[in-house]
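Order-wise, the sequence lines are chains E and G.
The first sequence begins at 1 in the working numbering and counts up by one.
The second sequence begins at 235 in the working numbering and counts up by one.
Simulated from the structure, these hints should not be mistaken for lab results.
Just so you know, these numbers come straight off a predicted model, no measurement behind them.
Possibly wrong hints are sitting among the right ones.
Simulated crosslink set (DSSO-like; lysine-lysine; CA at most 27 Å straight-line) [stated by the list, open to error]: (1) G/K326 - G/K426; (2) E/K63 - G/K532; (3) E/K102 - E/K89; (4) E/K45 - G/K402; (5) E/K89 - G/K515; (6) E/K63 - E/K87; (7) G/K491 - E/K89; (8) G/K436 - G/K491; (9) E/K89 - G/K487; (10) G/K469 - E/K89; (11) E/K87 - G/K487; (12) G/K436 - E/K103; (13) G/K284 - E/K87; (14) E/K87 - G/K426; (15) G/K515 - G/K487; (16) E/K98 - G/K402; (17) E/K89 - G/K532; (18) E/K45 - G/K515; (19) G/K487 - E/K52; (20) E/K116 - E/K103; (21) G/K402 - E/K89; (22) E/K57 - E/K15; (23) E/K89 - E/K103; (24) E/K209 - E/K52; (25) E/K183 - E/K212; (26) G/K491 - E/K98; (27) G/K469 - E/K102; (28) G/K532 - E/K45; (29) G/K367 - G/K284.
Each chain, letter by letter, is given below.
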Amino acid sequence: MLELENICFERENRKILDNINLNLDTDQFIAITGPNGSGKSTLVKIIMGIEKPDSGKIIWQGKEITSLSIHERANLGISFAFQQPVKFKGITVYDLLKIASKKEINKKQACEILSKVGLCANEYVDREVNGSLSGGELKRIEIATVAVRETTLTIFDEPEAGIDLWSFNNLIEIFESMRNMIKGTTLIISHQERILTIADQIILMKAGKIEKIGTSEEILNEHIKAAQCCKLKR
Amino acid sequence: MEENQINQLDQSLLNEISDFDQIKKGAYNIRKNGKGIERKVTENINIMTKTDKPGINIYVKENTKFEFVHIPVILTESGLNDLVYNDFYIGKNANVIIVAGCGIHNDHHQDSKHDGIHRFFLEEGAKVRYIEKHYGEGIGDGKRILNPVTEVYLKDGSSMEMQSAQIKGVDSTIRETKGVLGNNTNFVVSEKIMTNGIQMAKTIFDVELKGKNSSTHVTSRSVATDQSTQFFVSKIYGNNECFAHSECDAIIKDEAKVTATPEITANHVDANLIHEAAIGKIAGEQITKLMTLGLSEKEAEEEIINGFLR
């Protein structure tokens with residue numbers, strides 16, 4: 001479905017992505033994990049077109065999309081949930097859901113989507129997507145805007161970042177239930193064991209390279225639990 | 235005879251500044267090219283022509299609840315300089331919605347100008363929601379000029395909410411809004427302005443918080459594009475235990491220029507006055523987010539501006 005061929009991205013003499021080659025299959029729940037600065041966010045931004053690679057090719061369903069803009073890729077079937085949801089002035093939750101949805105949606109349908117991400121819909125549908133919403137509320141709205149698109153590939157850039165523990169636990173439950181709700185392939189950057197456990201596949205990144213791709217069992221046992229073990233011994 | 239009738243052009247102008255069908259539901263006075271052409275009064279709302287100068291007096295009886303007053307003005311004659319004084323006397327505990335506005339259609343080369351001076355006198359406990367919309371259109375090079383003045387005098391326990399919008403087609407405007415607030419009063423102003431081409435818009439707020447527990451919230455949201463210029467001046471005086479918040483938020487594009495001059499003066503130790511001003515281009519991340527939802531860059535920008543000015 002999506003192929004990355006020899007993707008390189010360098011800034012200030014630092015190789016942020018160093019010759020990445022990757023194939024993503026359809027209908028998979030794939031997690032990307034790895035230490036800070038390993039290139040995870042840059043990689044997903046390059047898939048969406050938010051960043052342009054210095055070299056390499058991006059192939060989507062057999063066609064090269066490397067030079068396509070963000071919205072062209074969005075219209076081909078790629079969605080992207082931001083790590084820090086964007087705030088607006090005057091644009092309401094309903095407005096965003098209407099823009100996001102390919103088909104016309106009425107308020108009742110918008111409310112149904114909001115309920116699925118754990119928001120009490122009537123209280124939120126007409127609210128502005130601005131700073132009056134909490135970090136957890138903005139995250140849920142962000143998830144709703146990508147879920148409503150029902151695209152072939154949905155990318156989440158570290159959804160757990162910047163929210164408190166209580167909101168996070170609720171968010172994980174949403175991801176667990178959305179595992180079946182979101183259509184197509186989900187590509188999610190996460191460090192959370194509960195997310196990694198439910199993944200069909202985990203991509204482990206380190207210093208701009210893909211260190212390993214494997215099942216959640218393989219990666220969790222070999223790398224993450226081993227790292228935790230070392231920490232305890234120390 | 236024809237000039238005293240509402241034709242199709244007039245109707246479309248009236249629809250731009252208020253809902254034409256809605257106008258006829260309450261009391262109304264329609265002014266066209268400097269003359270009143272249609273008027274309706276109700277049991278509780280009387281409208282009388284001034285005898286000393288052009289304009290009308292609007293009297294709302296005390297305890298009148300949820301009635302509408304529409305006083306639209308339309309200018310379709312090029313070269314007209316229309317000056318009008320309208321005074322609103324709102325009785326005790328009345329609660330009404332007043333819709334004013336001016337639509338100018340100028341297809342010729344002479345300037346068309348409307349200066350509306352509106353004064354509101356609210357008695358104790360009265361509540362007014364005042365909506366004002368300004369609009370200009372036409373293919374001529376004659377300028378469309380609007381200089382509204384709004385003065386609001388609030389007696390104890392009264393409140394007024396004013397919403398003004400000037401989104402399209404006005405070449406030059408100087409908008410002055412003045413408020414004098416008594417005890418336990420509240421004055422909320424929300425203004426939306428968009429300028430393009432070489433248009434100029436200047437808004438001046440001057441609010442005096444005289445009474446104890448008086449409060450005001452002034453919000454201006456504007457978009458300046460092309461080579462247009464905007465000036466925002468806000469002067470708030472806290473002369474008693476009071477609260478004021480003024481907020482100027484402007485999006486700037488192309489070679490436009492925006493100046494915001496806040497001025498807050500506390501003349502009382504319990505005056506709590508805040509001013510916020512932000513001028514900047516559309517945040518790149520907002521455009522990116524909407525593009526990830528499938529909008530082109532241009533569509534995303536339009537959506538952001540429409541939301542901002544809603």
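Each hint tested on the structure:
1. The straight-line distance between the Cα atoms of G/K326 and G/K426 is roughly 30 Å, outside the 27 Å bound, and the hint therefore fails.
2. For the hint linking E/K63 to G/K532, the alpha-carbon distance of about 26 Å falls within 27 Å, and the restraint holds.
3. Straight-line distance between C-alpha atoms of E/K102 and E/K89 comes to about 23 Å, which keeps the hinted pair within the 27 Å bound.
4. Only pairs whose Cα atoms come within 27 Å are accepted, and E/K45 paired with G/K402 is rejected, the gap being roughly 38 Å.
5. A threshold of 27 Å between alpha carbons decides the hint, and for E/K89 with G/K515 the separation of about 13 Å falls inside it, so the pair holds.
6. Under the criterion of a C-alpha separation no larger than 27 Å, the hint pairing E/K63 with E/K87 is inconsistent with the structure, at around 34 Å.
7. A distance of roughly 21 Å separates the Cα atoms of G/K491 and E/K89; the hinted pair therefore holds under the 27 Å criterion.
8. Proximity of G/K436 to G/K491 is assessed by CA-CA distance (about 12 Å); at most 27 Å being required, the pair is judged to hold.
9. The hinted pair formed by E/K89 and G/K487 meets the criterion: a straight-line CA distance of about 17 Å does not exceed 27 Å.
10. Annotation: proposed proximity of G/K469 to E/K89 holds, straight-line Cα distance about 25 Å (limit 27 Å).
11. Simply put, E/K87 and G/K487 have alpha-carbon atoms about 20 Å apart, close enough for the 27 Å limit, and the pair holds.
12. As the CA atoms of G/K436 and E/K103 are separated by approximately 42 Å, the hinted pair breaks the 27 Å bound.
13. A threshold of 27 Å between alpha carbons decides the hint, and for G/K284 with E/K87 the separation of about 50 Å lies outside it, so the pair is violated.
14. Distance hint between E/K87 and G/K426 is fulfilled; the C-alpha atoms sit about 20 Å from each other, no more than 27 Å.
15. Proposed proximity of G/K515 and G/K487 is supported: the alpha carbons are some 6 Å apart, at most 27 Å.
16. As the CA atoms of E/K98 and G/K402 are separated by approximately 26 Å, the hinted pair is consistent with the 27 Å bound.
17. For a cut-off of 27 Å, the pair hint linking E/K89 to G/K532 stands: about 18 Å separates their Cα positions.
18. As the CA atoms of E/K45 and G/K515 are separated by approximately 23 Å, the hinted pair is consistent with the 27 Å bound.
19. Simply put, G/K487 and E/K52 have alpha-carbon atoms about 26 Å apart, close enough for the 27 Å limit, and the pair holds.
20. Note on E/K116 and E/K103: the hinted pairing holds, with a Cα-Cα distance of about 18 Å set against a maximum of 27 Å.
21. Our distance criterion of 27 Å between C-alpha atoms is met by G/K402 and E/K89, whose separation comes to about 20 Å.
22. Our distance criterion of 27 Å between C-alpha atoms is met by E/K57 and E/K15, whose separation comes to about 17 Å.
23. The hinted pair formed by E/K89 and E/K103 meets the criterion: a straight-line CA distance of about 24 Å does not exceed 27 Å.
24. A C-alpha spacing of about 17 Å is found between E/K209 and E/K52, which places the hinted pair at or below 27 Å, so the restraint holds.
25. A distance of roughly 26 Å separates the Cα atoms of E/K183 and E/K212; the hinted pair therefore holds under the 27 Å criterion.
26. Among the hinted pairs, G/K491 with E/K98 is inconsistent with the structure: their alpha-carbon atoms are about 33 Å apart, more than 27 Å.
27. A hinted pair counts as satisfied when its Cα atoms are at most 27 Å apart, and G/K469 with E/K102 does not qualify at roughly 47 Å.
28. Among the hinted pairs, G/K532 with E/K45 is consistent with the structure: their alpha-carbon atoms are about 21 Å apart, no more than 27 Å.
29. The hinted pair formed by G/K367 and G/K284 meets the criterion: a straight-line CA distance of about 23 Å does not exceed 27 Å.
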